[in-house]
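Trainee: Since the structure of chain A is provided, determine the placement of chain B on it from the hints.
Top to bottom, those sequences are chains A and B.
What the first sequence shows, in our numbering, is residues 151 to 851, in sequence order.
What the second sequence shows, in our numbering, is residues 25 to 111, in sequence order.
Among these hints, one or two may not hold up.
Each computed DSSO-like pair below joins lysine-lysine, with the alpha-carbon atoms no more than 27 angstroms apart [as the list claims (entries may be wrong)]:
| hint | chain 1 | residue 1 | chain 2 | residue 2 |
| --- | --- | --- | --- | --- |
| 1 | A | LYS503 | A | LYS623 |
| 2 | B | LYS32 | A | LYS193 |
| 3 | A | LYS760 | B | LYS101 |
| 4 | B | LYS40 | B | LYS101 |
| 5 | A | LYS483 | A | LYS459 |
| 6 | A | LYS828 | B | LYS32 |
| 7 | A | LYS828 | A | LYS524 |
| 8 | A | LYS633 | A | LYS476 |
| 9 | A | LYS483 | A | LYS623 |
| 10 | A | LYS468 | A | LYS486 |
| 11 | A | LYS760 | B | LYS30 |
| 12 | A | LYS760 | B | LYS40 |
| 13 | A | LYS531 | A | LYS503 |
| 14 | A | LYS633 | A | LYS623 |
| 15 | A | LYS497 | A | LYS463 |
| 16 | A | LYS828 | B | LYS30 |
| 17 | A | LYS483 | A | LYS503 |
| 18 | A | LYS496 | A | LYS623 |
| 19 | A | LYS513 | A | LYS421 |
| 20 | A | LYS760 | B | LYS32 |
| 21 | A | LYS476 | A | LYS459 |
Derived by calculation from the structure, the hints in this document are not laboratory data.
Since the model is a prediction, treat every value here as computed from it, not as a measurement.
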Amino acid sequence: MAGQITQSQFAANLKKYYTFYTGGFITFVIIVGILEQLGVPVKILGYIFLFATIALYAGIGFMSKTSEVGEYYVAGRRVPALFNGMATGADWMSAASFIGMAGTLYLSGYDGLAFVLGWTGGYCLVAILLAPYLRKFGQFTIPDFLGARFGGHLPRFIGVVAAIVCSFTYVIAQIYGVGIITSRFTGLEFQVGVFVGLAGILVCSFLGGMKAVTWTQVAQYIILIVAYMIPVVWLSVKHTGIPIPQISAYTSALPKVTALEAEFNDKATPKGAKEEEVRAIFRARAAEGDRKLKGLESGPAFLTQEKEKLVAKVAELKAAATPDAKAIEAAEKAVKDFPADAAAAKKAWTAEKGAGARAAPVKRHAEAFGVGGKTPEEVEKNRSIAKKNFLVLIACLMIGTAALPHILMRYYTTPSVHEARVSVFWGLFFIFLLYFTAPALAILAKYEVYSNLVGSSFSALPAWVSNWSTVDKTLMNIADINKDGIVQLAEVVIGGDLIVLATPEIAGLPYVISGLVAAGGLAAALSTADGLLLTIANAMSHDLYYKMIDPNASTVRRIAVSKGLLLVVALTAAYVTSLKPGDILFLVGAAFSLAASGFFPALVCGVFWKGANYLGAVLGMSLGLGVCAYYMYMTYPFFGVNAPKWWDINPISAGTFGIPAGFLGIIIGSLISPAPSKEIQDLVDHVRYPNLEGDIDTKGV
Amino acid sequence: MQLTEKHKQYWNINLKISTVLLVLWFVATFVMGWFARELNEINFIGPLGFYMSAQGSLIIYVAIIWYYAHYMNNLDKEYGVHEGELD
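Next comes chain B alone, as it looks inside the complex:
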């Protein structure tokens, strides 16, 4: 099993998109949580800090996972590492 340049490129892109999405996840969780009191001063569907932790961040999580699955599926095909049709 020999990996080509193309394979290595695929893995690097995967690492990059994973990092970006995890940074987003980190911000939606810990940065929002850290500044919850400050965010609560802003009013957006109720106090923003509360809203984000109760609902907003959850929506971001769902979106992150959807985007990752969608992006990686295309990447698999582009780099020819996708799985064949199943039975």
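With the rest of the complex left out, here is chain A:
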């Protein structure tokens, strides 16, 4: 796409290409829609979407193939602000944003907004504290800046380690998303889906590095935003008659949802009484589970006694004057399903006890920090803990945003400092389009469930409910608990990911739109994975290999090493992902806390405090990372230590301690050792002013 043309011509050409591309994509969707009407099976349509989009990304990657260092690492530094903004949007919005966000908001109401705020507000920090200065510095990676600003290999090395740790944690979450989407929409196995998606990622970044990734991300942004908006707008029209969900959700749907919540929680109303009936059953089950668990502790005899009771019940039912066939069948099933040993019993009965959670009253969507408690004092205490965690999570996510290397790297690719500033604006604007729609979607979906699903008959469930409950029980689980044939809210369990995936069906749109949503989710996951893999490979090839091991390496060799590493990292990541480790949301949160603690203090002090020096950076970065990792290890249940929390802060917000530790380290270290040299102080002035006479040059290309 390059050539010897001016920057403004280049930008004009790009606009032309991408307008043409968008038109082409819409035509493609329409054609698939027509195929659907002609009766082509849904599964084939899923494959068409999957392979057509991956082929498209591969095509862009192939067209942008390059072996020039500047093109490979920073897309030739000629990406206009608008397009860099779109690429940032796609780079930023991952599978978690696209598929998970609206569901999290559906499930946790106000408290889920910590993610919406944290993942947008962080760009204020990027814009004001980092992007323009990093652009002026303008080398290839974030560790480059640390190495030049603080001198010596150690700050660069810690930067490399931090970049790899947080990007790798994050990339696993993305590849996981790719696997889930491809397997759900094409019926391929999860593991196969992971590797198919990976092929799409690799072709692109492997051939053209940052250049290919940038132009693919722009294309991916367009697909993902179109895919997100169409169903939500449609749903809004269906429910409220207004095509702007971001308004109609608050003015029209939210008041109705609030009124229904009050009704469900009030036993005096007919709906409330029915809900209470179901909740009472769950409470009874929980109590029974609790009784049996306690009995189990008394000794192994308890298990046989319980089983005998069930057997006796079957005999009793059979001996009755008029045997009830259904009751006998149920009792026999209970005998058959009775846990075989103490371990199985403990597991089954713990789950039974857990049913108590479903007896809780409906959470009010708009209520902030709505937590329960036995006494007013306890409620007050729990509420202040919830509020504290809400605020520190926002802080960690925001500061993490301003420290994730794959995002900061994007600001190296703009043509000027001014364009870097404007491109942060476009970036947040494009992210904002999706993020201010997600809360509206959550409300509209809730309205649908509360007003249409609840109260409907089990013999005539809405089509989307019966479809999804047969496809995946973790997404949609519905059962007639109180046997009245009518759906109560307490009888429905919804998995967060359902909200975005099922919206097209809820809105009554044809399958082609569901395929589009899947393509959008895939675009979101692939684009983020692309950016992350490139960050990791560059940190290793550029910072570790070229800058620290072999500074005389030829450019051909440097790029060859980078491509080789990319392949190795991608395969490793895919392998780790196929083992399905841990909780995705925690992995994502951990990446943010680690990045915030490791990078943010050093980067910000590097620009704004001339006195910050080598020892300070080394101390600050290692202390920040160390404290953050230590707190996660001690408190996150996965590691099995389960030490008491500090001030009730959740492990996902470990940055709460890591970030101050990082700042403390850099301040103390810098004060106890000599100030940086004249050259380094000049470098700080260099990054602070977009243009100076007699300026030094740090671009290094």
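Mentor: Quick look at chain B alone, frame taken from chain A:
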């Protein structure tokens, strides 16, 4: 590379505008969040506390970044530290 008084002035103005905008950012995020329950008593396109966190604060963020880019571009030109026209 010698910095003039004018250069130092430019940097101070930059620090000032950055601080002001970051205070605004802080209020839109943490003060709003802290008082979310109280704000929810007020009705403005739904409960205000909820509306702000779901949409209002996001609009403020976008505006902050737009204003900063716009302001700094003018400041660069005023103090003669702007970049030349590109190719």
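Trainee: Hint by hint, say whether it matches the structure.
Mentor: Hint check:
The hinted pair formed by LYS503 of chain A and LYS623 of chain A meets the criterion: a straight-line CA distance of about 20 angstroms does not exceed 27 angstroms. Note on LYS32 of chain B and LYS193 of chain A: the hinted pairing is violated, with a Cα-Cα distance of about 65 angstroms set against a maximum of 27 angstroms. Simply put, LYS760 of chain A and LYS101 of chain B have alpha-carbon atoms about 25 angstroms apart, close enough for the 27 angstroms limit, and the pair holds. For the hint pairing LYS40 of chain B with LYS101 of chain B, the CA-to-CA distance comes to about 18 angstroms; that is within 27 angstroms, so the pair holds.
Between LYS483 of chain A and LYS459 of chain A the CA atoms are separated by roughly 14 angstroms; this keeps the pair inside 27 angstroms, and the hint holds. Among the hinted pairs, LYS828 of chain A with LYS32 of chain B is consistent with the structure: their alpha-carbon atoms are about 17 angstroms apart, no more than 27 angstroms. In summary, the hint linking LYS828 of chain A to LYS524 of chain A is not supported, as the alpha carbons are separated by about 64 angstroms, beyond the 27 angstroms threshold. Only pairs whose Cα atoms come within 27 angstroms are accepted, and LYS633 of chain A paired with LYS476 of chain A is accepted, the gap being roughly 13 angstroms.
Straight-line distance between C-alpha atoms of LYS483 of chain A and LYS623 of chain A comes to about 21 angstroms, which keeps the hinted pair within the 27 angstroms bound. A threshold of 27 angstroms between alpha carbons decides the hint, and for LYS468 of chain A with LYS486 of chain A the separation of about 16 angstroms falls inside it, so the pair holds. Taking the CA atoms of LYS760 of chain A and LYS30 of chain B, the gap is about 19 angstroms. The hint holds against a cut of 27 angstroms. Under the criterion of a C-alpha separation no larger than 27 angstroms, the hint pairing LYS760 of chain A with LYS40 of chain B is consistent with the structure, at around 18 angstroms.
The suggested pairing of LYS531 of chain A with LYS503 of chain A holds, with an alpha-carbon distance near 25 angstroms, which does not exceed 27 angstroms. Between the alpha carbons of LYS633 of chain A and LYS623 of chain A the distance comes to roughly 20 angstroms, so the proposed pair stays at or under 27 angstroms and holds. For the hint pairing LYS497 of chain A with LYS463 of chain A, the CA-to-CA distance comes to about 24 angstroms; that is within 27 angstroms, so the pair holds. Among the hinted pairs, LYS828 of chain A with LYS30 of chain B is consistent with the structure: their alpha-carbon atoms are about 21 angstroms apart, no more than 27 angstroms.
Restraint check: the Cα-Cα separation between LYS483 of chain A and LYS503 of chain A comes to about 20 angstroms, which is no more than 27 angstroms; the hinted pair holds. Pair hint LYS496 of chain A plus LYS623 of chain A holds up; C-alpha atoms about 23 angstroms apart against a cutoff of 27 angstroms. Under the criterion of a C-alpha separation no larger than 27 angstroms, the hint pairing LYS513 of chain A with LYS421 of chain A is consistent with the structure, at around 16 angstroms. Simply put, LYS760 of chain A and LYS32 of chain B have alpha-carbon atoms about 14 angstroms apart, close enough for the 27 angstroms limit, and the pair holds.
In summary, the hint linking LYS476 of chain A to LYS459 of chain A is supported, as the alpha carbons are separated by about 19 angstroms, within the 27 angstroms threshold.
In terms of the numbered hints stated before, the structure departs from hints 2, 7, listed from lowest to highest.
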